[in-house]
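S.K.: Taken in order, these protein sequences are the chains called W and R.
Note that this note's numbering has the first sequence beginning at 893, numbered continuously upward.
Note that this note's numbering has the second sequence beginning at 2, numbered continuously upward.
Nothing false has been slipped in among the hints.
Covered stretches of chain R, going by a simulated chain W footprint (3 or more residues, C-beta under 8 angstroms):
id, segment
1, 22-31
2, 114-120
3, 132-140
Quick caveat, the hints were computed from the structure, so don't treat them as lab data.
None of these values were measured; they are calculated from a predicted model.
By construction, the Cβ of each residue, glycine as well, lies at the ideal position given by its N, Cα and C atoms.
Listed here are the chains, written in short residue letters.
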Amino acid sequence: MKKILIVDDSKFSQKITSSLIKQYLDDAEFEFAGDGEEGLEKFKADHPDYIVVDLLMPKLRGGDLIEKIRQWDIDARIFVISADVQKRVRDVIEKMGVLSFINKPLDEEKAKKICNIIRNDAR
Amino acid sequence: MSDRVSKEDVLKELFNVGVGHAAATLSDIIDKKIVLNVPDLKVLDIEQGKNELDRFLNNVAEGAVMVSSITFDRQLEGKVSLIFPADKMHRFINLCLHEEHEQIGNMEFTDVDFDTVKEIGNIVLNAIIGELSNTINIPVEYSLPEVTVLNDASAELFVCGCESNFVLMLYITFDIEGTEIEGAIVINMTLKSLEDIVQTIDRMFNGR
Chain W
893 MKKILIVDDS KFSQKITSSL IKQYLDDAEF EFAGDGEEGL EKFKADHPDY
943 IVVDLLMPKL RGGDLIEKIR QWDIDARIFV ISADVQKRVR DVIEKMGVLS
993 FINKPLDEEK AKKICNIIRN DAR
Chain R
2 MSDRVSKEDV LKELFNVGVG HAAATLSDII DKKIVLNVPD LKVLDIEQGK
52 NELDRFLNNV AEGAVMVSSI TFDRQLEGKV SLIFPADKMH RFINLCLHEE
102 HEQIGNMEFT DVDFDTVKEI GNIVLNAIIG ELSNTINIPV EYSLPEVTVL
152 NDASAELFVC GCESNFVLML YITFDIEGTE IEGAIVINMT LKSLEDIVQT
202 IDRMFNGR
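Next up, chain R with everything else stripped away, as it sits in the complex:
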């Protein structure tokens, strides 16, 4: 891939396939039409990634987030996190469980809430990373998914400080029948993994 613009374009297209799959999957669970928009994908070094993520955390989530994450290794190594503003999560969980009551702004979560978000995150993140793995034919192995609520989240918690790592940021908006939930997917992966992906794409599409 000769320049960053085309690399990001191709990566965005690859992730769009996974996000499309994730949207269909979520729609099946909730039984409502879901639009997942991926307006932007950014490939950033660690410092840029931290700054970008901190902006998201401050502006959209005001620091309180619910995070579902999964680590992957084998030929590709990294961690992918699905980050939602915590104050929107009861609405989201109720939709998943097909329950009606609303608890707007309530930041208390039960074991059932955590279990639900963990499993939804698992399915969405598997769709995104798994589709990428299928397209470039590089296998990954997942760790157990984790879910947590952070009241004062900062980028340090999602982005490892290793200089050899890169951050892929995807901002996504879940539009569930008019309710918009702005989230982010943060993929923190080794430079070698990113290079492997880009080289494989290059071979596939440019015959290099």
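For reference, chain W alone in the conformation it holds in the complex:
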């Protein structure tokens, strides 16, 4: 079973992300956090296999959350799903060693890509 923590302040996006990933990854179970701080707490407490992080969130933004996660676990497996389409933002986040940076909205093709990365991820 792959444990996936989705950190997004939008319940609408949480629902879309989890349901689309579930379509292509039967053995996925999900946890949710509504802001960066909660995401960090759940990451430390529950040790998910993968984290899906939004960037624009209250309390702790996605970029800062990724940095803090990296301090805790340098090998953490992180996907970013964000509405921000700026190339510079993508460059900065990709340099943080995320598995993939994907623009919202998530659709079937993008969800398949995430699930293939997870399947092929030999840890």
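With the hints as your guide, set chain R onto chain W.
M.R.: Only chain R this time, still in chain W's reference frame:
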């Protein structure tokens, strides 16, 4: 840019790219074809902007609107708001959530409704401002998006009174399989930001 007409033309074209991206994005969410028309873009000073927006609020939305907005700063500073007539929003939200029931004219909104419109607004406004930022290579940083319903909206709420600010108004019509929702995008930005955009466009296209 030598005259206002050409400046507005180029700005309109720039925003059209973002609106096209936003339409594709919304279409993905709703899983239906969406046509977003941008019939007009106006660059206005604060007083003109308030008058223009008040006309829209009175004529189209009759004062009751749902507004999704986001503030941006760094090299470009301003606030962008996506304004919809509130009475059409249940139809729009149901399409986003893939739900069937209709509540025409109902002005009560749940937390799920607000959350949905906030996220859709976030995606659409990011598409518009982000594409602009990419084209002119000037970065922006966003605040958290906000969404609110206003029963008696007036332009004062969207347009800051600072004299050094400008207003860019884009009227957009969402045509979702025959259902038309007339909305507006109001970008309230500093004069310096607008000048930076225009100068950058000038350099890019005219080599000045």
